[in-house]
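> Construct the entire structure; sequences and hints are all you get.
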Amino acid sequence: MEQVGVQPRILSEAEPTVMLVAAGVVDVGFAQRVKALACTAPLHDLDGRKAQVQSADFTVYQMSELALHTIDAVTLAMDFDTGADPERVVGDVAAQAAQQAPDRPPPEHQKVARWVLENLINVGSADRGFRAVYGLTASDGGYRTYAFDFKLLEEVPGADGEIYLRTTNEAVNVLVGALEVDIESAQIAADLRLETLIRRGRLSDAQAAAQTARYRTIQYGELLRQRLEATGRDVRSVDWLTEMPEFLDEAVGHIEARYKAENAILTNITNIRDTADTADRKRQAAQLVEIVRECLRRHEQLQAAVQLAGRRFRAEQDRQTFTAARAGATLDLHAQLLVPVLELSVVAADLVLATYFVRSTGTVVPPAVRLSDLFCGLITPPTEREMLGGEVIAPDLDVIEPEPPFPDECYELLEELLDLDPEAPRRLSGLLEAARKMHPCLGSLVVIRVLALAAQEIHAAVRHGARDVLMAIDDGTPLEDHEFAGSDLIVARAALIPEAEEGAA
Amino acid sequence: MSTIDTTTDAARLIGYGLRPKLLPTRDEEYRALVARARTDDDFTAVVHAIATGMGLVVLEITDRTGIVVAATEDSPFAIRMTEYARRTSSEGKASERVVHALAHLGAATLAYPRPADLADEVYIGRITTEGVDAFVREACARLADRVDDEHTDTSATEPDLETAWRVYARKARTGSTGDGRKLSTSTIGVTSKALVFLADQGLLVRTSEDRGGTYRTTPRYRAQVREAGAVMFTELLSLGITEVNDGTGTITVGWDTATVNSL
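As you go down the protein sequences, you meet chains S and P in turn. Take the position in the first sequence, starting the count at 1, then add 10; the result is the number in the working numbering. Take the position in the second sequence, starting the count at 1, then add 498; the result is the number in the working numbering.
Heads up, a few of these hints could be off.
Said to hold, decoys possible - A few chain S residues that face chain P, going by a derived Cβ cut-off under 7 Å, partial list only:
{"id": "1", "residue": "ASP137"}
{"id": "2", "residue": "GLN294"}
{"id": "3", "residue": "VAL357"}
{"id": "4", "residue": "ASP360"}
Don't read these hints as lab results, they were simulated from the structure. Keep in mind the model is a prediction, meaning the values are calculated, not measured. The beta carbon of each residue, even a glycine, is placed where N, CA and C say it ideally should be.
Pasting the structure below:
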């Protein structure tokens, strides 16, 4: 077996793993150390290349420090749901650059920050990542070279369509100084270290250790986020039977342990802060208190997410599994096509995928040109088009006057009829009788007008300073009429006396 | 009706099949031809014969979608990956083509996540550009997890033997170029191109701009994916890399312990 690990893994075979091991893949521990080294290379590389920047003099800046600050800034700003805003990160790092070279102008600090950020993303490369080539001696004595691809900062799409930054696991590992270690065990180690450091009063080291613990929590959150996202897409893509509960248990255990540890630490350092003898120690202790508080906040965030995870799974399961009734199943695209093809080598995958692509994308109709058509098309003069097009004829619109529901003379008669003496109110029945004598339509108009009067409020009239107002009052007397029914309203012109708040009816 | 008339009608029906956005419900003549193909066996046989001669396969003839045809590899109507990749991106290397094709396969897989969905004629899938990318990436991440303990890095001297998932996982997800556009060689850029292309082909319908573009599937897409999947499955079987299951979808997704152990 020449090419270890790049062979298509044959699913029907029982023990491929054994074969891989038997083929003698080399010293994995050594490979890990080489990779760990490789991850720091882009940072050193920045210092190596800063002198070559043509557009500005970057030599005064400590680039690898700025790079670590950048990774710090992204890791800390990266939330449970979104990544870090690149502009904010540039701002943070520019502030650091300003500390390194206070006499340089602020635009240059910005420029340095941007340069560092772009180099950590590796904007220049096609895949926006890094590749390290390393060699290993296999058990058969042969030396082979391998490629290790990694990213430090990754650009991810945000919910708002903007691009955000996230640190990759590799970057977090560079930051904490351990590559590909088990998170949980590193956490325990970090805790122990932190406690010891505080006990011995080495606060600055304790601060570093507390920060390490915080990164671990962020990592847990990131893992949980990824799995919940995958669950949202397809419940079955995440193993909720064994793997996920285990992970959640682990996360809860982590939170629990951290809570205990950090509360203990908090008490401890609060004591130190309050009893410290020098101002410097007091300040350090105060900083540490802040960091630990921040840690606790992060744990709470993680805990809330963990608590919701189960509910989210059940909701997704309901949504995805218990939908429509199942028809007869055919092909399982995921297990039978996607996963196997992903495991193939590029060359084999290319061939297999080509067959899929041809059939799945539909057809293209090749143009068939006859020479005579082409000739006709070419000699036909282009049709002249007027610049402004035809004249637009304004449509001739008739104005239709709405017909008044009552003849004009009725309104004049109504005014006349309702021009009452303030001293002599009249009943609706009397007004109706008089109206019918004056005009056959006037009766209805009087009723409409009087009903409107009954509903009106007099505040408006008072505000406008009117001398009197026409009102209709219901005193409970029923109306005896052959056309209308209801109360026989009293219609009166009430004088408004300026001193009085309310006009008398 | 004479043989020549029948042949002309059959060819006309296939002509409709080459214009995927036309539907029988919108065109009286198309509808009549579809109705004839569904009732007249001789006519259907002629339709199939003409299709075969042109390097096409008739996938289905229904009142809803009309006639659905797929091209075989050597058909003049086929869209070849080599051309597509050249049309949309640089280089045209095998790794480029694989990423493009994976975006297409990922879109189909996310559109029909369960085996039953692919069989269900009325099922409508809903996919987004970012979703498809995340889905393929997730599958890659799972494979990466699985090989964690083994030393399986690609040989630096033989890049062609790099596994497909590594190629995909290595590429940037998204990114902005200096002039403010989104990076077209990123996987989201490639996926976006694939979905826009499928929408142009009348296989998907764009429903909104959310999450890099949201699409729903058409019945035509289902027929096309089913055919393409079956052909690809045969291809994989001949290489001995996939396996037949009972279609229940239980051992399907491959993430449960039993399947992982059996690999």
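> Next item in the hint list is ASP137 (chain S). Is there a CB on chain P closer than 7 Å to its CB?
holds (5 Å)
> Min Cβ distance, GLN294 (chain S) to chain P: is it shorter than 7 Å?
Nearest chain P Cβ about 39 Å off; hint violated.
> Hold the hint about VAL357 (chain S) up to the distance rule: shortest CB distance to chain P must be less than 7 Å.
holds (5 Å)
> Answer holds if the nearest beta-carbon of chain P is closer than 7 Å to that of ASP360 (chain S); otherwise answer violated.
This hint holds: ASP360 (chain S) lies near chain P, its Cβ roughly 4 Å from the closest one there, short of 7 Å.
Hint violations for this structure: number 2 only, all remaining hints satisfied.
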